[in-house]
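There are 4 protein chains.
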Amino acid sequence: MAFEKFQDFLSGLVKRQRGFFSGAEKDSIEKLVERLMGSEGEVSGIVTARQVLDRFQELDDEQKLLFFQNLEQNFNANPVMVRLAFEAYDKDPSSLNLGTLSKASEPLRHELLRRLNQTPGATHDLVGMRADLLGYLKTHPELLAVDNDFVRLFTSWFGRGFLELRTINWGTSAAVLERIIRYEAVHAIKDWDDLRSRIDPPNRRCFAFFHPALVDEPLIFVEVALTGEVPESIAAILEEQAGDFIGDEFRTAVFYSISNCQPGLRNISFGNFLIKQVVQELQVEFPSIKTFVTLSPVPGFGRWLLSEEEGTDAAPAGDTEEGKKHKEARQSAALLEAKRRLAALPVTEEMAKEHGDEIRSLVFHYLTAARKGKYPLDPVARFHLGNGASLYRIHAHADISKKGLSQARGAMVNYLYDLGSIEMNHEAFANEGRVKYSDKLKALAIKG
Amino acid sequence: MAFEKFQDFLSGLVKRQRGFFSGAEKDSIEKLVERLMGSEGEVSGIVTARQVLDRFQELDDEQKLLFFQNLEQNFNANPVMVRLAFEAYDKDPSSLNLGTLSKASEPLRHELLRRLNQTPGATHDLVGMRADLLGYLKTHPELLAVDNDFVRLFTSWFGRGFLELRTINWGTSAAVLERIIRYEAVHAIKDWDDLRSRIDPPNRRCFAFFHPALVDEPLIFVEVALTGEVPESIAAILEEQAGDFIGDEFRTAVFYSISNCQPGLRNISFGNFLIKQVVQELQVEFPSIKTFVTLSPVPGFGRWLLSEEEGTDAAPAGDTEEGKKHKEARQSAALLEAKRRLAALPVTEEMAKEHGDEIRSLVFHYLTAARKGKYPLDPVARFHLGNGASLYRIHAHADISKKGLSQARGAMVNYLYDLGSIEMNHEAFANEGRVKYSDKLKALAIKG
Amino acid sequence: MAFEKFQDFLSGLVKRQRGFFSGAEKDSIEKLVERLMGSEGEVSGIVTARQVLDRFQELDDEQKLLFFQNLEQNFNANPVMVRLAFEAYDKDPSSLNLGTLSKASEPLRHELLRRLNQTPGATHDLVGMRADLLGYLKTHPELLAVDNDFVRLFTSWFGRGFLELRTINWGTSAAVLERIIRYEAVHAIKDWDDLRSRIDPPNRRCFAFFHPALVDEPLIFVEVALTGEVPESIAAILEEQAGDFIGDEFRTAVFYSISNCQPGLRNISFGNFLIKQVVQELQVEFPSIKTFVTLSPVPGFGRWLLSEEEGTDAAPAGDTEEGKKHKEARQSAALLEAKRRLAALPVTEEMAKEHGDEIRSLVFHYLTAARKGKYPLDPVARFHLGNGASLYRIHAHADISKKGLSQARGAMVNYLYDLGSIEMNHEAFANEGRVKYSDKLKALAIKG
Amino acid sequence: MAFEKFQDFLSGLVKRQRGFFSGAEKDSIEKLVERLMGSEGEVSGIVTARQVLDRFQELDDEQKLLFFQNLEQNFNANPVMVRLAFEAYDKDPSSLNLGTLSKASEPLRHELLRRLNQTPGATHDLVGMRADLLGYLKTHPELLAVDNDFVRLFTSWFGRGFLELRTINWGTSAAVLERIIRYEAVHAIKDWDDLRSRIDPPNRRCFAFFHPALVDEPLIFVEVALTGEVPESIAAILEEQAGDFIGDEFRTAVFYSISNCQPGLRNISFGNFLIKQVVQELQVEFPSIKTFVTLSPVPGFGRWLLSEEEGTDAAPAGDTEEGKKHKEARQSAALLEAKRRLAALPVTEEMAKEHGDEIRSLVFHYLTAARKGKYPLDPVARFHLGNGASLYRIHAHADISKKGLSQARGAMVNYLYDLGSIEMNHEAFANEGRVKYSDKLKALAIKG
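Order-wise, the sequence lines are chains A, B, C and D.
Per my numbering, residue 1 is the first one in the first sequence, and the count goes up by one each step.
Per my numbering, residue 1 is the first one in the second sequence, and the count goes up by one each step.
Per my numbering, residue 1 is the first one in the third sequence, and the count goes up by one each step.
Per my numbering, residue 1 is the first one in the fourth sequence, and the count goes up by one each step.
For the record, the hints were derived by calculation from the structure and aren't laboratory data.
Not one of these hints is a red herring.
To give an idea of the interface, some chain D residues facing chain A are shown, with a C-beta separation under 10 Å as derived from the structure:
#1 T172
#2 S173
#3 A174
#4 A175
#5 L177
#6 D191
#7 W192
#8 L195
#9 I199
#10 D216
Heads up, the beta-carbon is just placed ideally off N, CA and C, and yes, glycines get one too.
Chain A extracted, bound-state conformation (with noise of 0.2 Å):
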C-alpha cells in the first residue's frame, strides 16, 4: 500500500538539525544502509539516505571497497523466493509468473539505489559512487554484479528523452564553464583565455548535454569550428585568430573534440546523440554550411604500428567482397615491408613531415582493414563510424605534439556526418563491418 511506502521528509530533516540522530552519526555505513532497506526503513528514508552518501565519501579506499563488497555479497535476492517464482513460471510461463520471478530476482541492489536517489543531490553522488567502483572492477572482477546493476539503472535514468542539449558561450556560468576546462579529454584547455578563444568567437560553438537532476554538470560536450575549407590540421583550429573567416560565409563545422565528462557513467552512451543533434541545430542556424566532418586523432595507429599482427585479428565473416579485400591486405607483404620500414624511423616531426606519403597510406589500411573481430581496431573510428559517418579524409602532419607523433606519427583524420547516408552506412557497418571511405582515399591502398 502506498501509505506504507512513503519516506519522512522533513522530520527526518527536522531530526538532523535538532542532531536527534546525533548518537546515530557515529553510526556505521552498513548500520545505515540497513537502516534504509530494514523493515522500518521506511520512515526518514531521505535523511538516512543522505547519510548514507555522506558517510561514503569520508570512506577510505579500503572501506569503499568494504562497501561494495558488502553490496556484492548481501544484496542479492532470496533463493527461495527465487526458486518458487522460478516453479511457478515453469509450470505456467503467464506474464504475471514472468513478472513475478523477474521482481523476485532483481537484485536487491537496484531497490537500494532507488532509495539512495530520493534524496537531493543523490543522482550526483551515485554517479560518483560508480566512478570510484570502476577502479575496483580489474582487481575484483566479482564486482561487476555491482556494476551491471548500476549501468541498467543509469541507462533507464538518463535515457535520451531526459538530457538536454545547451550552447555553452561566454554567457554561460562560471560553474559550468569551469568543468568543461576541467573535463576536456583530447585537446587540453590552458586556461580561461584559452577557453574562451573555443567558445566565444562567432566562428566557434559549443554544445553540451546536462540531465536535470546533475546540476551544472555536463555529461559530455563537442566543440565545433566553422570554417571555410576542411581543415588539414589541428593547430590551424587552436591557433587560429578567431575572425579569420568571419564576414566569410561559413561552408563547414569541425567537430575537433568530443569529452565524456562524467566517468561514472562509462558506457552509458551519448555521443552519437549529440553529434547529430548538433548537426541539426548548426544547418538550422548556418544554411550555408554543407559540409560536417570531425578532425579526430588516430589513437591506436602507434601501437598498431609496432605490432607484429598482419593487420587484423579476425577477418570479416565469408567470402564478401569486403573479406576478400581483407584476406587480400592480411597477406600483403607489400604492407609487411611498409609498416616495418615506417616503425624504423625516429619518431620526430622531421619525420611526419617528409614521410606524409608512407604515413597516410598506412593509416588508410589500418583504419579499413586492421579489425578486432567485425569491427575496426581504433576506437575513435569504431565510434564515428558506428555513428554511420564515413572516412573522409586522412592528413599527415596534422597533428604534431608528442602525443600526436605518438599515437599516429601526426595523422588525423576527416569522419564525415553526411545526413543523407548516415542510415546507410550505420546499417552496413554494423551488419557486415563496412567502412564506408571517400572515392579519394582509394589512391592510398597499399598494392601488394
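Fit chains B, C and D to the supplied structure of chain A, relying on the hints for placement.
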C-alpha cells in the same frame, strides 16, 4: 559495444521529413513496434519510437486493447534463456548469476518502454498510454502484468530526486494554470477568477511537483490557506474574501485541497513528500505559523454508516491497548444504535446542523476504529495518518455541498502535521495501525 | 558634491518600519513634497518619495486637482536666477552660459519627478499620476505646463533604446495576460478562451513592448493573424477556427488590433516602432510571408459623412499634382451628392451589404482627400500612413458590429507595410501629405 | 504630431543591409549627425544613430576632439528664440511661459543624445563617448558645457528606480565575471582563481548594480567578507582561507572593496545606495550579523603628512563646538611636531609596525580635523561619512603593500554602517561637517 546500440537521431528525423518512410507510414503499430525492437531496430530508433507513439494515439478503443494484449502476450522473455539462467543460479547463487537471471527474466516490455522513451515528448505520451491501460484492467485482469512493468519503470523515472517543487501563483504561465483548473479534483475551480482567488491573495499559496520531462504538466498540487485560527468549514476558506486576515499575523496553514494530476501515474505516490516539503517552505517564509493542518473530507463515512458491518472488518493484532479498545467498540451496542439512528435521518443541511454532536461522535469512531486490515477504512485517513499526521479536529456542518452531505453528512476533519511527532506517529501507525488523535477528541468516544 | 546629494535608502526604510515617521505619516502631501525637495530633503529621499506616491493615491479628485495646481504654481523657477542667467547669456551666448540658463529655467517639477522616481515602483505610480492629470487638462488648461514636464521626462525615460519586445502567448504569465484582456481597445476580448484563441493557435501571434521599470505592464501590443489571403472582414479573423490555415503556407500577416495600454503614456508614441519590429520578427520566422497588412477601422468616416464640409478643411499647399486632385475633389458636386445619398440611408447591416460600392468609393475619397491641415482627417490613416504604410484595400461589409456600422458603415481597410517603399512613402507623406494607395483602388475615384 | 516624429526602424535597417547607404557610408560624422538632426532627419533615425555611434568609434583622438568641439559650438540654441521666450516669460512668468523658455534654452545636444539613444546598444556607446569626453576636459574646459548635458541626461536615465541589484557568484556568466576582474580598482584580482576566492566561498559575497540597457555591464560592485570579529588588516581577508569561519556564526560583514565600473558614469553616484541596500540584503540572509563595517584605505594621508598645511585648509564656520576643536587642532604645536616626526621616517613595513601608535593618532587627526571646506579632506572619508557612516576603528600595519605604505603608512580604517544612527550622522555631517567617531578612538587625540 556501445557503437552497436545507438539510435540514429537525425538521420531518422531527416528521412521522416523527406517522407522516406512515407510508404512505411501505413505500417501497423505492431510492425512499427517490431521494427523498434528488431535486430536492425537499432537504426532510426528515435523516429520509429515517435511513430509508435503517434500511431497509438490514433487507435480506437478496440485497437488499443489489441495493442496492450500484444504487449502482454509477446513481450515477455525467452523461457529457454530463463531456465538456463535459473539453473546456473540454482547451482551457484552468485551475484553475477543472479544478474544474468534478472536480465533474462526481465519482460521485454521494459526494453520497449525504454526505447519508446528516447524520443522527445515520449514520457508524456507513455504516461497517457498507461492511463489508457488502467481502463482495461478490470475487464482484462491479465493486463495487470503490463501495468506492473509500467509501474516499475515509472517508479524509477519519477523518483523523488527527479521532482521539482514550484510555487503556482498569478505570475505562472497560463499553460500551467489552465491545467490547475482542469485537474482540481476536490473543490472544483469554476473559472479564472476563482483560480485567482486561490493563488493570488497574500493569504493563499499553491505548490506543485513537476518532472523535467513533462513540461508545463503538474504531477500533483496542494492549495493552502494561511489563517489565524483553524477554520471550521470549507466555506470559510473558499468564500472568504482575500485580505480578511491580511495585516494579521498568520498562525495556521490549512491544506484544503490536494489533487493528483496524472491518471497515468496512479500509485506512483508524491503526496507525502509534497505536504512535508511545503510545510518546510512555509516555515521558512512565515515563522509565525505554528499549526499545519489539512481540512479534509471523510469520503467513506456515508457508505460505512449505511453498511451492516459492526465497525471494522478486522481487529488490530493481539491484545494491545489499542486492540482492546477496538474490540469494545466493535461489541458496543451503543455504537450500532447510534449508527442506525443517524442512518435513518434525511441527508439535509438542517439535519447536519441539528445532529452535529452525533455526527462528530460517529465520524470519530469511524476514523479511529473502522478498519480494513490493520489500517483505517477511510482512504484519506489512511493517506494522512500514514504520512505521520494525527487526527486533530472533527467539524460538523463543515461541507454542506451535496457531495459533502452524502459522503460525510457535512463533516470534515483536520489532520495535523506536527514535525516534532510525525516520525513517531508514522511508525506507530505503520507497524501497529495505531491512530494518533488529539486529547480534545476523546470526549467524542461513544460509551457503551 | 556627490556625497551631499545622496538619498538615504535603508535608514529611511528602517525608520519607516519602526514607525519612526508615525507622527509624520499624518503630514499633508504638500508637507511631504516640501520635505522631499527641501534643503534637508537629501535625507531619506527614497522613503519620502514612497510616502508622496502612496499619499497621492489616497487623495480624492478635489485633492488631486489641488496637488497638481500646487505643482503648477509653486514648482517653477526662481525668476531672479532666470533673469541673471539670461543676461549673462545675452551678453555672451556661450555654451556654458546657455547651460546655466537652461538649468535655471528648468521647472522645479523636473527635479521633483526625478526624486520621486528614486523609490521602487515609482515609474508605475508616476505613469498613473499623469493619467490622472490628463483628466483635468480640459477644464484647467493651465495644467498643460505640468503635463509638458511629464512628457519631457517620459520621452527621455521611455526612449526606444530602453524598450523590450516580448512575444505574448499561452506560456506568458497570467499577470500579463490579464492586462492584455483588460487593455484590448479595438476588438474586446470576452474571456480567457477568447484570449487563448488569439495568442495560442499556430496562426496567431501577439507582441508587446515592455519597459524594465514597469514589471508585467505592457505598454502597447499588437495582435497578428497569419493567413493565406488578405482577409476581407474582421469576422474572418475573430471567428475563424484556429487551424484553418495550419499546414497551409502562410503568405500574409494581418495586424488586426493595436492597443495602447497606459493612458499615462499618451503621446509617447511606440506604435510605429512596434509594427516595424514585428514585421522583421515575422520575416525571420516565416520566410513565406510576403504581405504585411493591417485590418483597420475607419473611425472618422461616419462623422465626416454627416458633416456639412465639402471634403477637407484645408488644401495641401501649392499647386502640386496632389493639390490639384484635391481641389477637384473638393469642388465635386458628384461627391456631395454621393455623401448625401449615403448619409440618408439607415445604418444597418443590409444597407452595408447592398451599398458596398458606394461605401467603398466614399471611404476612398475620405481617406485620400479629407484633410486636417495637410494630413488626412482620419486618425488611424494618419498613424499608418505616417509610418510609411500605403492604402491597400477597402472592404465593405467588413465589420458589421454596431460600432463598425456607426463609425464606418461596416467598412474596413488594409494598410500595407512594404519595407521596400516604407521610407519613401513616409517622406512623401511627412513633407507633402501625399497618400500612397494601390493601383487597384483608383477605380473607386468619384467622377464629377 | 506624433506621426510626424517617428524613426523608421526597419526600413532603415533594410536599406542598410541592402547597402542603400553604401555611398553615404563615406559621409563624415558631421554629415551623419546633421542627417540625424535635420528636418528630414525623422526618417531612418535609428539606422543613422547607429551609423553615428559606429563612426565615432573609428575616429582618432584628434577627430574625436573635433566632434566634441562641433557639439559644443553648433548644438546650442537659437538665440532669437531664447530671447523671445525670455521676454514673454519676463512679462508674464507663468508656468507655460517658463516651459517655453526651458525648451527654447535646452541645448540641442539633449535632443541629439536622445536621438542617438534610440538605436539598440546606444546607451552603452554613449557611456563610452562620455568617457572619451572626460579626457579632454582639462585641456579644453569649454567642453564642460557638453559634459554637463551628458550628466543631466545620464542622471535621468540612471535614476535609482531603474537600477537592479544582482548577486555576483560562481554561477554568474563569464561575460560579467570577466568585467569584475577588469574593473576591480581597490585590491586587484590576479586571475580567475583569485576571483573565485572572493565570490564563491560561503563567507564571501559580491553585489553589483546593473542597468537594463547595459547588458552584462556592472555599474558598480562591492565585495563583502563575512567574519566573526572586525578584521584588523586587509591580508586577513584577501589571504584568509575560505572556510575559516564556516560553521561559525557570522557576526560581522566587511565591505572591503567598492569599485565603479564605468568611467563614463563618473559623478552619477550609486555607491551610497549600493552599500545600504546590501546591508539590508545581508540582514535578511544572516540575522546573526550585527556589525556592518568597511575596511577602507586612507588615500590622502600620505600627501597631507608631507604637506606644510597646519591640518586643514579651512575652518568650519563660526564658533560652534566643532569649530573650536578644529581651531585648537590647527594651532597645536604638538600636532605639527608629530607630523614632522612621522614624515621623516622611512616608508617601510618595519616603520609601520614600530610606529603604529603615532600613525593611528595622526590618521585620527587627519580624518576628523583635516578639511577641505567644511568636509574632510580625505575622499573616502567624505564618501562614507556622507553616507551616514561613522569612523569606527583605525588599524596600523593593516595594508603593507607598497601602495598601502605610501598612501597611508600602512593604515586602514573601518567605517561603521549602523542603520539606527545613519540618518542622524548624515544630517550632522551634511549640515555641519561633523564627523561621528566611536568613543574608543578618543584616546588617539593628540594633546597639545
